[in-house]
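Residues per chain, in single letters:
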Amino acid sequence: MEDIFEPIVKAENLKKTFALSRKQQRVEKTQLTHKVAVNGLSFSAYRGEIYGLLGPNGAGKTTTLRILSTLIRPDEGDAYLMGHSVRKEPQKVRDCIGFLTSELKLEGFFTPDYLFDFFGAMHGVEKEVLAERKRELFSRFGIDAFSQVRVRDLSTGMKQKVSLVISIVHDPDVVIFDEPTNGLDVLTAKVVTDFLVELKRMGKSILLSTHIFSLVEKLCDRVGIIIDGKMIEDGPLADLCGGKSLEDKFFEIYYGLRGEVV
Amino acid sequence: MKLVALIKKEFHRFFHDPRLVFTIILPGLLIFLIYNVIGSFVGTTEKYQYKVYVAGESSLTEVVKATVEASGSTVEFVPIGEEEGKAAVKDEKASALLVFSGNFDAAAEGGSVEIWYNGSAESSAFYNLASAVLRESAMRFSVTGHSFVTGQDLAKSFIANLLPFLVVTFVFSACMSVTLESVAGEKERGTLSTILATSVKRSHIALGKIIPLSCIAAIGAASSFLGVVFSLPKLIGADLGALGGYGFGSYALLLLLIMSYVPLIVSVIASVSTLSRSVKEASGYTSVVMILVMLISILSMFLTQLGDWVIAVPVLNAVVYMGKILGGELLVWQSLLAVGANLLYTALLVWLIAKMLSSERIMFGK
Chain A
1 MEDIFEPIVK AENLKKTFAL SRKQQRVEKT QLTHKVAVNG LSFSAYRGEI YGLLGPNGAG
61 KTTTLRILST LIRPDEGDAY LMGHSVRKEP QKVRDCIGFL TSELKLEGFF TPDYLFDFFG
121 AMHGVEKEVL AERKRELFSR FGIDAFSQVR VRDLSTGMKQ KVSLVISIVH DPDVVIFDEP
181 TNGLDVLTAK VVTDFLVELK RMGKSILLST HIFSLVEKLC DRVGIIIDGK MIEDGPLADL
241 CGGKSLEDKF FEIYYGLRGE VV
Chain B
1 MKLVALIKKE FHRFFHDPRL VFTIILPGLL IFLIYNVIGS FVGTTEKYQY KVYVAGESSL
61 TEVVKATVEA SGSTVEFVPI GEEEGKAAVK DEKASALLVF SGNFDAAAEG GSVEIWYNGS
121 AESSAFYNLA SAVLRESAMR FSVTGHSFVT GQDLAKSFIA NLLPFLVVTF VFSACMSVTL
181 ESVAGEKERG TLSTILATSV KRSHIALGKI IPLSCIAAIG AASSFLGVVF SLPKLIGADL
241 GALGGYGFGS YALLLLLIMS YVPLIVSVIA SVSTLSRSVK EASGYTSVVM ILVMLISILS
301 MFLTQLGDWV IAVPVLNAVV YMGKILGGEL LVWQSLLAVG ANLLYTALLV WLIAKMLSSE
361 RIMFGK
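For the record, the sequence lines run as chains A and B.
Residues in the first sequence are numbered from 1 upward in steps of one, following the numbering used here.
Residues in the second sequence are numbered from 1 upward in steps of one, following the numbering used here.
Just so you know, these hints were derived from the structure itself, not from any lab.
There's no promise every hint is true.
[Said to hold, decoys possible] Dumping the calculated BS3-like pairs for lysine-lysine here, alpha-carbon to alpha-carbon at most 27 Å: (1) B/8 <-> A/127; (2) A/23 <-> B/51; (3) B/201 <-> A/105; (4) B/86 <-> A/88; (5) A/92 <-> B/355; (6) B/86 <-> A/105; (7) A/92 <-> B/8; (8) A/10 <-> B/51; (9) B/47 <-> A/105; (10) A/15 <-> B/86; (11) B/2 <-> A/88; (12) B/2 <-> A/15; (13) B/355 <-> A/127; (14) B/51 <-> B/2; (15) B/201 <-> A/92; (16) B/51 <-> A/88; (17) A/105 <-> B/51; (18) B/280 <-> A/127; (19) A/105 <-> B/324; (20) B/65 <-> A/159.
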């Protein structure tokens, strides 16, 4: 029997360093040839919860999520998703996760119907299962009406819905979402947040990164505050804030680290 | 199943977009139109080892020999009967036949020298050289050239020289038009990283690009090829009968050479596209590769006596053996080895693309 307290996602001492190009050195005004994007990061996320990685731009959120989704490899440490190591079993990890960003990355030429089938095949979903899943998800998220319209002809909200539904075509246990509402208008952002709530209702574990306090307060069960590649605070939202607003708590931590008064 | 889905997606993308189909067929139509208006020949300067039959006698052969050797070639004069010599030249067993009239050197005037030659590049080169020397040295004699060259020979010579270059260039253009968008375009738009986040193997993604794109590019190349073939009558006044002069084996080898060259070029462009950050960047790099390919194929038109080592040189092997087959030589094992070499290079490039797809530095610019 599965232990419900066993973490679905477990990151252990993750470290990732990137070489800086001359151009990046000029932009960041540094002589350093390397930048530590993630520095000894550890945290856990559990079944059925929404875990938020909160931090400013450049804190290492996207790098962390890319490591967890096996798009890049950590230099040190390891992470386990559903018990599979991102280092040793990247294929198995990809089978049990859905990864997406707020940027729409679907080919505009194809229809939602075609792309759903295509990505189903990419994940090795059986045809019969795929047909049933398409019927269920398209109906649940209102995609039936435009399933045969090319993606390039859809509104941003519709495209986002398609993108979201395709990310769970293979019924993953974990959904990793990098900056889910970044750059979206209020209507599309609502589509996304409603979708995440629905996913949670469906029993999925969700890991998201954001720098928007209200999104974390609205959606997340637990939160990890990440600054300069390090996990500064990690825990249930209420415990972490201790009666303060998340925004106040964050800046208290942030300026505290830099020796400044809030 | 995943590989099949990747392949079907590329075909679906192409064949359901009339504009893409049109752009791949268009070059063939344009070539047909343009080549019906203009045409050009390219000559060759090559060093040869001539074997020349001589009917009759004259010390002028020594003058010809000295001139030939001064040009870097060598010549061996072999005495022979006139009719026997003509037959040998006609069958391309000798470069040429010189027929001196009786008592040529002693005659004060009225003597004649005839030069019989055939349609091969070697024979034509000797005729040009020898006729110039003889006309210069023997002003009091008539010098007459007789060619066994037929209209069909001319057409074959033209086809053997120019068609491989054109095929190589058209195939490259066709490969470029479909591959850049499919690989660099997907990378630029980020849709490739969406596929990378699934559990499909990187080698399947690479193959899922190369196989369908090669098929599509082959259609484009065929369109361009047909454009050339059907414009030949207007271009050089040769009829299509020249192409009918080849046997099934020649056509099969030509097809194999072209079909092995297509995936090779698609793989090269796909590699460059995978390395590039945008379609624009990939276009720039690919243009450089295209110039190199064109240079190699143009050079091969001048270097007609390359050894079998060209089998191992991509592009050059296709051009050289296509030229030889079109010139009437059926070099089966060399052509098959060239096909094998091209497929081997393609496999290596597919492996390389799969490696690049796994590289975070290349795929995500870190």
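Results of checking the hints against the structure:
{"no.": "1", "hint": "B/8 <-> A/127", "verdict": "holds (15 Å)"}
{"no.": "2", "hint": "A/23 <-> B/51", "verdict": "violated (65 Å)"}
{"no.": "3", "hint": "B/201 <-> A/105", "verdict": "holds (19 Å)"}
{"no.": "4", "hint": "B/86 <-> A/88", "verdict": "violated (76 Å)"}
{"no.": "5", "hint": "A/92 <-> B/355", "verdict": "holds (19 Å)"}
{"no.": "6", "hint": "B/86 <-> A/105", "verdict": "violated (72 Å)"}
{"no.": "7", "hint": "A/92 <-> B/8", "verdict": "holds (25 Å)"}
{"no.": "8", "hint": "A/10 <-> B/51", "verdict": "violated (82 Å)"}
{"no.": "9", "hint": "B/47 <-> A/105", "verdict": "violated (59 Å)"}
{"no.": "10", "hint": "A/15 <-> B/86", "verdict": "violated (83 Å)"}
{"no.": "11", "hint": "B/2 <-> A/88", "verdict": "holds (22 Å)"}
{"no.": "12", "hint": "B/2 <-> A/15", "verdict": "violated (33 Å)"}
{"no.": "13", "hint": "B/355 <-> A/127", "verdict": "violated (30 Å)"}
{"no.": "14", "hint": "B/51 <-> B/2", "verdict": "violated (61 Å)"}
{"no.": "15", "hint": "B/201 <-> A/92", "verdict": "holds (12 Å)"}
{"no.": "16", "hint": "B/51 <-> A/88", "verdict": "violated (69 Å)"}
{"no.": "17", "hint": "A/105 <-> B/51", "verdict": "violated (68 Å)"}
{"no.": "18", "hint": "B/280 <-> A/127", "verdict": "violated (38 Å)"}
{"no.": "19", "hint": "A/105 <-> B/324", "verdict": "violated (49 Å)"}
{"no.": "20", "hint": "B/65 <-> A/159", "verdict": "violated (80 Å)"}
Checked against the numbered hints above, the structure breaks hints 2, 4, 6, 8, 9, 10, 12, 13, 14, 16, 17, 18, 19 and 20 and satisfies the rest.
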